[in-house]
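Sequence lines, in order, name chains A and B. Mapping to my numbering: the first sequence position 29 is 29, numbers consecutive. For any residue, its number in my numbering is found by taking its place in the second sequence, counting from 1, and adding 1000.
Honestly, the hints are just simulated from the structure, not real lab data. In this text, all values refer to a predicted model and were calculated from it rather than measured experimentally. Backbone N, C-alpha and C define an ideal beta-carbon position, used for all residues, glycine too. Worth double-checking, as some hints may not be accurate.
[Claimed, not checked] So, partial list: chain A residues that the calculated Cβ filter (under 7 Å) puts toward chain B:
1. Gly41
2. Arg90
3. Lys94
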Amino acid sequence: KNEVEQSPQNLTAQEGEFITINCSYSVGISALHWLQQHPGGGIVSLFMLSSGKKKHGRLIATINIQEKHSSLHITASHPRDSAVYICAVRGTDKLIFGTGTRLQVFP
Amino acid sequence: NAGVMQNPRHLVRRRGQEARLRCSPMKGHSHVYWYRQLPEEGLKFMVYLQKENIIDESGMPKERFSAEFPKEGPSILRIQQVVRGDSAAYFCASSRTGTPSTDTQYFGPGTRLTVL
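For reference, chain A alone in the conformation it holds in the complex (with noise of 0.2 Å):
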């Protein structure tokens, strides 16, 4: 069982839909990050959360410390939101990662 699992693996959504991806972790951290992968290879830093809820534009990222949970969510998603979205936990000193959510979103 990996360290980290994403769910769902793959999204598909309507422009306009709300958009929730998962993520689960089973490893004590210091941190969760969540990334973004453009279609061109570029990752891209979108929260790092210790505790709590962040809010970015139409992103918003949660974590569940106790429950060992977080969410991303995207509001009013739009085409250039289609990217592969990473979970990243750290303990220590290394980020471990899942294994990412691909989601596209159509017109």
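Following the hints, position chain B against chain A.
Structure of chain B alone, referenced to chain A:
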């Protein structure tokens, strides 16, 4: 403030050759991390370096791979005698302090290595 820079962006090598991948961290960042993404797989940690020191190399293959981050100049990931299985995207990230709970890692654009 330029972001994390990696070069080359694409590298083609024949089996048995050496590959050198370079990473220049963001200005003011002294912590560098290397990750590998094999085709159709997730990212995997390789090595964590601070200036002139290897902090954690638990993700590095035991043979043929080495990394350095000298006092001056970029961090180098070196792969000797490359094999087809080394074909992957190699990403570098940098951070300012290395503090796990507060320090964001910023990723470079990656180097795509193809071994013929």
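Here is how each hint holds up against the structure:
1. Gly41: holds, 6 Å
2. Arg90: This hint holds: A:Arg90 lies near chain B, its Cβ roughly 5 Å from the closest one there, short of 7 Å.
3. Lys94: Holds: closest Cβ of chain B sits about 4 Å from A:Lys94, inside 7 Å.
Checked against the numbered hints above, the structure violates none of them.
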